[in-house]
Amino acid sequence: MENIIEKLKNLKKITPDKDYSSRSLSLILNSPKTSPNKFFEVSLLRQKLFTNLKLSANIAIASILVLIIFISALYLNSVVSPLILPGLDNSKISVEAQQINQSIDINLKEINYHKLSQEVTQNTLEKISETTTPSEAPEILSSEGQIDKLLEELVK
Amino acid sequence: MLENEQNLIKRAIEGDKEAFSLLYSHYQPQIYRFIYIKVSKKTEAEDLCHQVFLKAWQNIEGFRYQRLPLSSWLYRIARNQVIDSYRTKKDELKLEEIKEVITDNPGIEKEIDLKEEIKKIKKAIEQLKPEQQDVIIMRYIEELSPKEIALALNKTPTAIRIIQHRALKNLRQILEKE
Numbered sequence: 002m003e004n005i006i007e008k009l010k011n012l013k014k015i016t017p018d019k020d021y022s023s024r025s026l027s028l029i030l031n032s033p034k035t036s037p038n039k040f041f042e043v044s045l046l047r048q049k050l051f052t053n054l055k056l057s058a059n060i061a062i063a064s065i066l067v068l069i070i071f072i073s074a075l076y077l078n079s080v081v082s083p084l085i086l087p088g089l090d091n092s093k094i095s096v097e098a099q100q101i102n103q104s105i106d107i108n109l110k111e112i113n114y115h116k117l118s119q120e121v122t123q124n125t126l127e128k129i130s131e132t133t134t135p136s137e138a139p140e141i142l143s144s145e146g147q148i149d150k151l152l153e154e155l156v157k
Numbered sequence: 021m022l023e024n025e026q027n028l029i030k031r032a033i034e035g036d037k038e039a040f041s042l043l044y045s046h047y048q049p050q051i052y053r054f055i056y057i058k059v060s061k062k063t064e065a066e067d068l069c070h071q072v073f074l075k076a077w078q079n080i081e082g083f084r085y086q087r088l089p090l091s092s093w094l095y096r097i098a099r100n101q102v103i104d105s106y107r108t109k110k111d112e113l114k115l116e117e118i119k120e121v122i123t124d125n126p127g128i129e130k131e132i133d134l135k136e137e138i139k140k141i142k143k144a145i146e147q148l149k150p151e152q153q154d155v156i157i158m159r160y161i162e163e164l165s166p167k168e169i170a171l172a173l174n175k176t177p178t179a180i181r182i183i184q185h186r187a188l189k190n191l192r193q194i195l196e197k198e
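Chains as they are written, first to last, in the numbering used here: chain A, 2 to 157; chain B, 21 to 198.
The following block holds chain A by itself, in its conformation from the complex (with noise of 0.2 Å):
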């Protein structure tokens, strides 16, 4: 490595010509000077011009993405709303809790029907059980209309 360093170094031996020096030295200290205030001041103009433009465009890519975001949002926001959800209506949902209490309801008047046939069955059985006629347990005549009431009120 050190040996490619030392090579390179010769290379410094490479000298402008002396007579084309002091020429060219010549020819620039008499070559009139343009305005290098001016030269200057358009170039800090242009730097100046070109940073507002690379800032001018950020704010403008920043603007649309922002503005994208905003209509995704809203697009979103109309499309997947929770509230726009069934299962998420109060109205619905108080509708179906209605149905679902009113088959509650229902439901409960039948066992207790179940419930009350079966007692005045089982009374009744155990009567004709002991006697032998109907006649013989007026109850039973009485228990059947009690039967025929319940009926009466289920179908209403």
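Because the hints were derived from the structure by calculation, they are not lab data. Do not take every clue at face value.
Just so you have them, the derived chain B footprint on chain A, three or more residues with Cβ under 8 Å [what the hints assert, rightly or not]:
no., stretch
1, 6–14
2, 25–34
Lysine to aspartate or glutamate pairs mimicking EDC-like chemistry, simulated, CA-CA at most 16 Å apart [claimed, not checked]:
no., chain 1, residue 1, chain 2, residue 2
3, A, Lys13, B, Glu198
4, B, Lys135, B, Glu151
5, B, Lys139, B, Glu198
6, B, Lys142, A, Glu7
7, A, Lys8, B, Glu38
8, A, Lys10, B, Glu25
9, A, Lys10, B, Glu198
10, B, Lys139, A, Glu7
11, A, Lys150, A, Glu131
12, A, Lys13, B, Glu25
These numbers come from a predicted model, not from an experiment. In this text, a Cβ means the ideal position worked out from N, Cα and C, and glycines have one as well.
Once you've looked at the hints, dock chain B against the given chain A.
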């Protein structure tokens, strides 16, 4: 860095030709070498080097706002000049002209081996990437600090060290092949 450089720059900004001449004498050889190694054509190197210092003289007022050493600023101008010349015309490399350049120096006129050696290393440098060429020339031929090179090439000193390492590695491989 030239002794009393800041004062010379200040005077040159004010239009003092003598101050600029001193700066020119100090920096012109290294800027010329930098350009010459890259373009490989004496006349083109002379022309481009002249353009670099003409621009420097005409725009030296703007230098005070640059916040970088004069050497880095000059290398930056030189590099842009070389890039512009590459864009406008892509001449074939003429290594024969090395003889012409070195013969101009009486001290090494008879050193044929050295000329051959220089030709060889120059040819190897030309095979590197432009960025690696810049770093090799500035670091090992002109012995600029990584910081100065970084400012000239608009990179970080760490990036310069990485480029330098790769450039040396590539250069060694190229020289070993030949």
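Verification of the supplied hints:
Only residues whose beta carbon comes within less than 8 Å of a beta carbon in chain B count, and the stretch 6–14 of chain A has 8; three or more means the coverage holds. By the rule of at least three residues with a Cβ nearer than 8 Å to a Cβ of chain B, the coverage given for the stretch 25–34 of chain A holds, with 7 such residues. Between lysine 13(A) and glutamate 198(B) the CA atoms are separated by roughly 22 Å; this puts the pair beyond 16 Å, and the hint is violated. Only pairs whose Cα atoms come within 16 Å are accepted, and lysine 135(B) paired with glutamate 151(B) is rejected, the gap being roughly 25 Å.
Distance restraint check for lysine 139(B) and glutamate 198(B): the Cα-Cα separation of roughly 12 Å lies within the 16 Å cut-off, and the hinted pair is therefore satisfied. The suggested pairing of lysine 142(B) with glutamate 7(A) holds, with an alpha-carbon distance near 13 Å, which does not exceed 16 Å. Taking the CA atoms of lysine 8(A) and glutamate 38(B), the gap is near 35 Å; set against the 16 Å cutoff, the hint is violated. About 25 Å separates the Cα atoms of lysine 10(A) and glutamate 25(B), which puts this hinted pair outside 16 Å; it is violated.
At most 16 Å may separate the alpha-carbon atoms for a hinted pair to count; lysine 10(A) and glutamate 198(B) exceed this at roughly 19 Å. Between the alpha carbons of lysine 139(B) and glutamate 7(A) the distance comes to roughly 14 Å, so the proposed pair stays at or under 16 Å and holds. This hinted pair does not check out: lysine 150(A) and glutamate 131(A) have alpha carbons roughly 26 Å apart, beyond 16 Å. For a cut-off of 16 Å, the pair hint linking lysine 13(A) to glutamate 25(B) is broken: about 22 Å separates their Cα positions.
In summary, the numbered hints that this structure violates are 3, 4, 7, 8, 9, 11, 12.
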